[in-house]
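There are 6 protein chains.
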Amino acid sequence: VSRAELVRWLNDFLRLDTYAGADLSMNGLQIEGTEVIRRVAASVDTSVKTLQHAADSGADLLLVHHGLFWGRPLPVTGPHRDRLRVALMADLNLYAAHLPLDAHPEVGNNAMIARALSLQDVQPFGRVDGHVIGLAGELPFEQSLQDFADRVQKLTGEICLVHGGGTPTVRRLGVTSGKGADRIAEAAALGLDTLLTGEPEHVHFNDAFEYGVNVVYAGHYETEVFGVRALAARIEEEFGLPWQFLHHPTGL
Amino acid sequence: VSRAELVRWLNDFLRLDTYAGADLSMNGLQIEGTEVIRRVAASVDTSVKTLQHAADSGADLLLVHHGLFWGRPLPVTGPHRDRLRVALMADLNLYAAHLPLDAHPEVGNNAMIARALSLQDVQPFGRVDGHVIGLAGELPFEQSLQDFADRVQKLTGEICLVHGGGTPTVRRLGVTSGKGADRIAEAAALGLDTLLTGEPEHVHFNDAFEYGVNVVYAGHYETEVFGVRALAARIEEEFGLPWQFLHHPTGL
Amino acid sequence: VSRAELVRWLNDFLRLDTYAGADLSMNGLQIEGTEVIRRVAASVDTSVKTLQHAADSGADLLLVHHGLFWGRPLPVTGPHRDRLRVALMADLNLYAAHLPLDAHPEVGNNAMIARALSLQDVQPFGRVDGHVIGLAGELPFEQSLQDFADRVQKLTGEICLVHGGGTPTVRRLGVTSGKGADRIAEAAALGLDTLLTGEPEHVHFNDAFEYGVNVVYAGHYETEVFGVRALAARIEEEFGLPWQFLHHPTGL
Amino acid sequence: VSRAELVRWLNDFLRLDTYAGADLSMNGLQIEGTEVIRRVAASVDTSVKTLQHAADSGADLLLVHHGLFWGRPLPVTGPHRDRLRVALMADLNLYAAHLPLDAHPEVGNNAMIARALSLQDVQPFGRVDGHVIGLAGELPFEQSLQDFADRVQKLTGEICLVHGGGTPTVRRLGVTSGKGADRIAEAAALGLDTLLTGEPEHVHFNDAFEYGVNVVYAGHYETEVFGVRALAARIEEEFGLPWQFLHHPTGL
Amino acid sequence: VSRAELVRWLNDFLRLDTYAGADLSMNGLQIEGTEVIRRVAASVDTSVKTLQHAADSGADLLLVHHGLFWGRPLPVTGPHRDRLRVALMADLNLYAAHLPLDAHPEVGNNAMIARALSLQDVQPFGRVDGHVIGLAGELPFEQSLQDFADRVQKLTGEICLVHGGGTPTVRRLGVTSGKGADRIAEAAALGLDTLLTGEPEHVHFNDAFEYGVNVVYAGHYETEVFGVRALAARIEEEFGLPWQFLHHPTGL
Amino acid sequence: VSRAELVRWLNDFLRLDTYAGADLSMNGLQIEGTEVIRRVAASVDTSVKTLQHAADSGADLLLVHHGLFWGRPLPVTGPHRDRLRVALMADLNLYAAHLPLDAHPEVGNNAMIARALSLQDVQPFGRVDGHVIGLAGELPFEQSLQDFADRVQKLTGEICLVHGGGTPTVRRLGVTSGKGADRIAEAAALGLDTLLTGEPEHVHFNDAFEYGVNVVYAGHYETEVFGVRALAARIEEEFGLPWQFLHHPTGL
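Read top to bottom, the protein sequences are chains P, Y, F, C, G and R.
Note that our numbering has the first sequence beginning at 113, numbered continuously upward.
Note that our numbering has the second sequence beginning at 113, numbered continuously upward.
Note that our numbering has the third sequence beginning at 113, numbered continuously upward.
Note that our numbering has the fourth sequence beginning at 113, numbered continuously upward.
Note that our numbering has the fifth sequence beginning at 113, numbered continuously upward.
Note that our numbering has the sixth sequence beginning at 113, numbered continuously upward.
Be aware that one or more of the hints could be misleading.
The list treats identical chains as one, so a pair stands whether inside a single copy or across any two.
Each computed DMTMM-like pair below joins lysine to aspartate or glutamate, with the alpha-carbon atoms no more than 20 Å apart [unchecked claim]: (1) 161 to 194; (2) 266 to 254; (3) 161 to 322; (4) 161 to 313; (5) 161 to 241; (6) 266 to 294.
By construction, these hints were calculated from the structure, which means they are not laboratory data.
Bound conformation, chain P alone (with noise of 0.2 Å):
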């Protein structure tokens, strides 16, 4: 297929017009490649690595959620300049998708867990600059906390940390992707007690504690591989597109 039709179609697809001026990471075409795409490699993160893999594994697009630009301008130095020349160097594409490839309601991260989970009855929560990126239900029957998080660890593949502020027992679930800790009053608000998220922070230890919720921390990198690859999946669907998952896990 061609890039620009490819770009459209994915553009369209995550609808990103409307993140427009609320999302600073700059979704979309980031670095300009080949002007057909064969083949598509999805990543997580966009690194020296990400990409040298991507164009070692004969991609002509690399799908991620974490692109190069976060608002502002980045002279081409040091790793910047490592990536932008890797990518360059081999005709690579680059294509980013963040908080419209959390909150997609088909192949977003947070739709992909609650599925998962089988979470019932959902209803939007989790709000990031303005826009509400995440999910939150009912499972489909009560648990104790530990079942829970080792549910959610064979889900990912890696150990919880799981702070037990709230009820033994988990019922309501609040599910965002990444970093969510900051959400832990909205999910108090919301009567969850329980709140699904990724990297854990400092500055809200103690609001688990004190707002009375439970928070299973399944890692950033963790709950965020799964946008990238229903997304490239959905695009193998569309357009025949062979892909491959590029996994470089960062503990966090």
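Keeping the supplied structure of chain P fixed, place chains Y, F, C, G and R upon it in accordance with the hints.
Just chains Y, F, C, G and R, lined up with the frame of chain P:
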């Protein structure tokens, strides 16, 4: 000592006037309690638990690194109400010092760590909101990254997370307490081989490896116990007040 | 009634969601007290005196037009500390409604005054921070400026200050409670002959005479007793709670 | 004297360069009239009336405390057009000095009042937009609040509004001309027992009583006649120009 | 016609309300003159000369594209004073319409040019401060860039500057009057081969060649004579007022 | 010389630290190329053409006045991608100096022009974003405006555009390279009879005539060739590196 006199001395000793505007943490007296201070408690964070602990221990003033306010007014509801209620019921004074206690040349978190590691030829390092709060310098002898991490672990009592992006041995070190992963680029520009800081962040994971700098993460909490303890000891020296450190680790 | 239910009803009745961002007065529950509300007090302003008066009168919730916060965090010291202490000691709830209570079509300060003066063909008037909070309309009969001022005086019980910049008789009137002298130009543009507002300001003295509009200043306090009283009465109607108005005039 | 020379002298004498950016009142020459200045008029405010009065009195330059502009461009319509028309028809120059004339050590409103009250050990007091414009000091002898208010009344010729929130006698006094009720907290922090200012504000009514500070409100207009008169006298001294004060009180 | 009625009609016809906030040019009546309008003058710019010319020609209202104010208050000195003085002396009204007169579908600069060039399938093009003010479309027949430039020259009477960065023939054209060189990227993204605009800018010189778009610069002044003339003609149609165009070209 | 050393020397020589924040042009190394610099190219602007020309000429570093960034991050697509690709492929370093190279006392555009015209008693003139970048002074002898324009034409090799708003002869001159038409008012206030600058702007056309100042427009490009050439020569002097000026005029 009278509260008025102690607060005046603290404001002066910590040079709060030089942080006006730059620091949203509202440095200084945050809750007004009894007029006479006979006993001091010190803690890294402010929570219902630390305030209750301070009140129960008979302290008239709780000295903290992280206070109640971060730039926005808070309704007196939920945990914030519980915190204020505990302090006001017990007539407890709360005094907070954030950046001034990171950066202080005598009792600051970074000065204390640099001294414990016998750092030499120290220079300012680590810009935050227009203030340079950390230090950089030379270790008295070169040692392997693993040996250096073990030494840090002995200092804090907690295991470190090590990202070995730089040289196998440590010689030129930067120290920034708390959340300092965003200063890896600054460390590289200064030619440091290793950065010692507190809390890791997913978004800066690749920096260690792409800038070629070792990063030793010793914990946000663990790197910030030094300042409040040293400041309380300094108050004892000046005014003869007994004091106690309230240990409420977060593991983060 | 439970606090949660009453607060939900108030937020909804006053349509607080439409004022988010525009109003710095932190509309809504500002201090959390007892969970069950059995008795309500209403007051224009919040002060140590009004809070103590409310507590002494056995109220569980104090309803005010001017609350504690105006966009900036306050250290819990001095009078602010005294206010919080009185409320927290008495487990008193404090609920504030500023612009929403000026502008409310049923119980708003301006709607109440307009009704008391039998204003006809009313239309929105008086823009403040993006919200139109006042009303303009026709008096049922023309009367002299002096007679009109006497009628206002009967309504509020206080002498008015009159700046007769316009026609000798009053027919088309604008009403904006509180501090509304900055809306004289708007009144002139709408073709009103008279503006009724609360507090005069030196900086707008010449406007009455240069724009040719009569201005009747009936007092900031006196023009804002209507809303909280009407709202408390509305609560009684809805939930059967007894209430009391706490009269603490300022003479301004 | 030529307008150019007089304006240069005024800009320099009032140190306008130190107020750039901080003061929205566009200090300096606001309307350009005749090139030679033979006669000066002085007034607190700018209005159609004061401009016409100045022109009728044969003045070539009107000196005011409150000019035409406050940070925003104004269409040349309504009263603003009338003001410009009067001045331009009469070739009248208009020179405005706001904060520089509150704060001036020799001819400033506050320096003049402090001198009239024989204030001793004066220090800066009263921060406005980054500039300290008022003064604090000791009265030469303690007197009752009532006696002090009578003395102020003799100075201005108008009755004062007194809010007796502090001690019954006056000794340590702060002076800020104009609208200074928002500086009651600053007065309390400095240990002043009494604040003398101009215009009361409903929103600061409780401050006097809760901070325990007496406030004497002598009128916005009445506390600001001193500066323009003293400046005009100073011009006469320097350049030998006759001058006249145009008294247009507002009662506010 | 009365000024009030004509201004109301103009504000409505030009839909000024939709430009509030976005346009710093203070659209609408900028100087208030006589109350009855009998004769209209139209000019692209406002200067001492155009105002004097309008007054001398017996006009009661001068209609301009570029008015007096651009977001900041101006002291009434120098040329700004001269402009106001000429208008106020002659009781001349000044009405300005900037973006509303670029973008108007009937009398706008761009609509007029598009019609003169018989542009077909027109769509909005050329975003300025949140408003799309220009048009893009197809020429009825393909022609060489030189022939197209000649045609534009016939329309304006002035020689064009041509930067031939695109295809040798012109078919898909974008039109933005005035200073539109910063929209070359937008033209390329829309697939236009040629952009017709007014004033060149050094900073955008390379854009034509690097984006591969032809740019025909027909002059800032020359591309903006259309709107004020068409609007004046429309006023004549509506109110029967005679009018005259005041030609003061700048060559830019 | 090593890139690190040369960049350090340039940053220091041009005093980049004093322009931090004020200048959005990201002064300094914008693209990192080879580590050793053997040959330098200099150009006014950065374009695909100038970068390719520099690479083809064997330069290791291209020195420019206008770089790639102006305050906002750019996606690596279209011409921006082409520019980065050319430079990164060729391992070319790009160093930009905007305001620092207008204002430099030795090699700055304005200092060079002032010296070429033998300007005497020079003083700072021409404020841009908080920095004064130009110069004003006396010509050694009075000459007619036409003769002066001819002399400027000889200096730049291009015909000047002359707006004769001032006196027929030139004596007191202001010089601001680039886009300086917005400084005509400043020139008048300083008593200059003539302003020499680069690029005309329609919006400032009337200023020359209404402020009574002659303006000689010598071209944005033509007035900014001096700085980069002088800086390259200075580098040759310091480090013995050969250099070449790449002439890519814009005619603007």
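Checked hints:
no.: 1; hint: 161 to 194; result: within (10 Å within a copy, 23 Å between copies)
no.: 2; hint: 266 to 254; result: within (18 Å within a copy, 43 Å between copies)
no.: 3; hint: 161 to 322; result: between (41 Å within a copy, 9 Å between copies)
no.: 4; hint: 161 to 313; result: between (27 Å within a copy, 18 Å between copies)
no.: 5; hint: 161 to 241; result: neither (30 Å within a copy, 31 Å between copies)
no.: 6; hint: 266 to 294; result: neither (25 Å within a copy, 32 Å between copies)
Consistency note: the structure conflicts with the earlier hints numbered 5 and 6.
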